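There are 2 protein chains.
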Amino acid sequence: MSASIASNLTLKQILAPVAGDIEQIDDVLRSIGTVDYPLLQQGMEAIIAAGGKRLRPAILFLVAKFNRYDMERLLPMSAAIELLHTATLVHDDTIDRALMRRGLPTLNTFLDEGTTVLAGDYLFAKSAVLSTMGGVQRATRIFAEALVAICEGELEQKFSSKHLHTSRDRYYKRIYSKTAALFAAAAEIGAVLSDAPEDEVQSLRQYGRQIGMAFQVIDDILDMQATSQELGKPSGADLRQGTVTLPTMLYLASASESDHEAVRRLVEDEDRYDELADEIIAKIARSGALDEAHRVARQFADEAKAALVAFPDTPAHKSLLDLADFAVERSF
Amino acid sequence: MSASIASNLTLKQILAPVAGDIEQIDDVLRSIGTVDYPLLQQGMEAIIAAGGKRLRPAILFLVAKFNRYDMERLLPMSAAIELLHTATLVHDDTIDRALMRRGLPTLNTFLDEGTTVLAGDYLFAKSAVLSTMGGVQRATRIFAEALVAICEGELEQKFSSKHLHTSRDRYYKRIYSKTAALFAAAAEIGAVLSDAPEDEVQSLRQYGRQIGMAFQVIDDILDMQATSQELGKPSGADLRQGTVTLPTMLYLASASESDHEAVRRLVEDEDRYDELADEIIAKIARSGALDEAHRVARQFADEAKAALVAFPDTPAHKSLLDLADFAVERSF
Numbered sequence: 379m380s381a382s383i384a385s386n387l388t389l390k391q392i393l394a395p396v397a398g399d400i401e402q403i404d405d406v407l408r409s410i411g412t413v414d415y416p417l418l419q420q421g422m423e424a425i426i427a428a429g430g431k432r433l434r435p436a437i438l439f440l441v442a443k444f445n446r447y448d449m450e451r452l453l454p455m456s457a458a459i460e461l462l463h464t465a466t467l468v469h470d471d472t473i474d475r476a477l478m479r480r481g482l483p484t485l486n487t488f489l490d491e492g493t494t495v496l497a498g499d500y501l502f503a504k505s506a507v508l509s510t511m512g513g514v515q516r517a518t519r520i521f522a523e524a525l526v527a528i529c530e531g532e533l534e535q536k537f538s539s540k541h542l543h544t545s546r547d548r549y550y551k552r553i554y555s556k557t558a559a560l561f562a563a564a565a566e567i568g569a570v571l572s573d574a575p576e577d578e579v580q581s582l583r584q585y586g587r588q589i590g591m592a593f594q595v596i597d598d599i600l601d602m603q604a605t606s607q608e609l610g611k612p613s614g615a616d617l618r619q620g621t622v623t624l625p626t627m628l629y630l631a632s633a634s635e636s637d638h639e640a641v642r643r644l645v646e647d648e649d650r651y652d653e654l655a656d657e658i659i660a661k662i663a664r665s666g667a668l669d670e671a672h673r674v675a676r677q678f679a680d681e682a683k684a685a686l687v688a689f690p691d692t693p694a695h696k697s698l699l700d701l702a703d704f705a706v707e708r709s710f
Numbered sequence: 379m380s381a382s383i384a385s386n387l388t389l390k391q392i393l394a395p396v397a398g399d400i401e402q403i404d405d406v407l408r409s410i411g412t413v414d415y416p417l418l419q420q421g422m423e424a425i426i427a428a429g430g431k432r433l434r435p436a437i438l439f440l441v442a443k444f445n446r447y448d449m450e451r452l453l454p455m456s457a458a459i460e461l462l463h464t465a466t467l468v469h470d471d472t473i474d475r476a477l478m479r480r481g482l483p484t485l486n487t488f489l490d491e492g493t494t495v496l497a498g499d500y501l502f503a504k505s506a507v508l509s510t511m512g513g514v515q516r517a518t519r520i521f522a523e524a525l526v527a528i529c530e531g532e533l534e535q536k537f538s539s540k541h542l543h544t545s546r547d548r549y550y551k552r553i554y555s556k557t558a559a560l561f562a563a564a565a566e567i568g569a570v571l572s573d574a575p576e577d578e579v580q581s582l583r584q585y586g587r588q589i590g591m592a593f594q595v596i597d598d599i600l601d602m603q604a605t606s607q608e609l610g611k612p613s614g615a616d617l618r619q620g621t622v623t624l625p626t627m628l629y630l631a632s633a634s635e636s637d638h639e640a641v642r643r644l645v646e647d648e649d650r651y652d653e654l655a656d657e658i659i660a661k662i663a664r665s666g667a668l669d670e671a672h673r674v675a676r677q678f679a680d681e682a683k684a685a686l687v688a689f690p691d692t693p694a695h696k697s698l699l700d701l702a703d704f705a706v707e708r709s710f
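Protein sequence lines correspond, in order, to chains A and B. Quick note: the first sequence uses my numbering, first residue 379, plus one each step. Quick note: the second sequence uses my numbering, first residue 379, plus one each step.
If you are wondering where the hints come from, they were derived from the structure by calculation, not from laboratory data. None of these values were measured; they are calculated from a predicted model. Even glycine gets a Cβ: it sits at the ideal position worked out from N, Cα and C. Some clues are possibly wrong.
Quick look at which bits of chain A chain B covers, simulated, 3 or more residues with Cβ under 8 angstroms [said to hold, decoys possible]: (1) 491-497; (2) 527-540; (3) 583-590.
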């Protein structure tokens, strides 16, 4: 879909320059997760084991390689960012009453709702403590502001779901809050903690922001394609919940009146997993909308790469470029 | 109940040395509460208007009067503490599905549960940003650690409710987390932000901790006495939810076997608002347990005052002493 594909590289290969450092995050998270209550402990360990790609900490580390690389500063903050991400997922799952995430059972399956809310709060709190341990107040503030952006995005999604018409700007604003804000914060914090000059801080933040945008657009495409085996949820889960994302927006732009009406009925109605939904989602998947959305993601990735143009040609630099390609070429 | 009563002083009189500064917190909170969604905005404004006593910020300000009093440092942090307190109340109310607090409707009455969780998260996030605005990393860390303690206390309460036998130590640990941790943090932060010498920081933290303990013991007594007009909930709400507090513990220590059994049935059973509960709560209220609990609160207040013994005799000093008395003499 683009000339600049690095599709033969695995994520593990891309992140090789910081692989050892990323592993240390697990130890920090494991020590943080130690709590007095066996049931909760079990849940926390499951969350940590489930892992995820540790992309945000990876970006923080890679970005810091351009300047002064001090693990004592970087490690607590990268763990803070991963933990904050985890905490937001716990609350998301609570709010959505999701029972599965990444094919594994969520905390909801063995804790009641109130306890899950508290468990998420506890992770937020621990991440906030970690965020103060790098010793740089500006980094802590960037961290806290990313959390504000995430909450604003969640509220926006909550209040704007069940609405068929979403402007492109509004969609971008929403995915910035949902995903790109924390990627941008990870990159900016990596820059600040490595004492990067201010112009580099801004370029690296821009890199983080645009790769985050690319990631979320691809997530929204994958949501349309996913089967329940892959993501632990039916394809088109967002749309079934009344949330219109880019593929649906692009599909609607050239849909017939009756297809338009069908989507409206799905979005404005209650949650449903029925034939109407299956049919619409299959139509979107067959339409050109997914390719078109893919081109948008590629554009964000290219902008991320462009933000790095003035930086020296180092292994970390190459990793960051490859990561931008990976963001759009991945299928999981 | 004690010789050292300042019962003729109103809270307003006690807090006079910092009254103007406390008022400024409302402006900060109001600017923070500005959000795009009318329904949420309405809820936030109601929370801010409902106010509460602003005791934690008051302690932060009063304590800072002993050293360098710099409003630019103190104001964002005092607002952060009040907002954090508010956020914990929002999540408490969500978890308890409470519809009233301080006689006013909670967010639960007009937002669904997921949105209320998000609204609480949003307030947490905003408080975290405010906590970085004083420019002193140590203060931000104390703030974040207080949030961890609060979450641990909530989890402890969640996992230990429905258990009849609570040791005194466990009870103290729980009320420390629930209440005293944030009072202690407010005092310690006030000390740190005013560049107090380290020994003073520790004494002032001790003051905050002990006055917080006194406050919570009194809250637990008031909970036993309250009628629904006063607190917006039936008397003995804690016990009805299966949470054993000091008055019940003291009552049980000299209760007959059959009274003991009655309390066990109430605690271990589901929530109920019935004749058994009414009868037990009336018995506890008539027993000497409330007076005995009052003596415990008085002891904490006296320890708070003792922590201030080496400080100069200033109006702020007098306020802090009077506040300790107020903590135990108040009836609301």
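Verdict on chain B covering the segment 491-497 of chain A, criterion of 3 CB contacts below 8 angstroms: With 6 residues in contact (Cβ-Cβ under 8 angstroms with chain B), the coverage given for the segment 491-497 of chain A holds.
Coverage of the segment 527-540 of chain A by chain B (three or more Cβ within 8 angstroms): holds (count 8)
8 angstroms C-beta criterion, at least three residues: is the segment 583-590 of chain A covered by chain B: Violated, because only 0 residues of the segment 583-590 of chain A bring their Cβ atoms closer than 8 angstroms to Cβ atoms of chain B.
When each numbered hint is compared with the structure, a violation occurs for hint 3 only.
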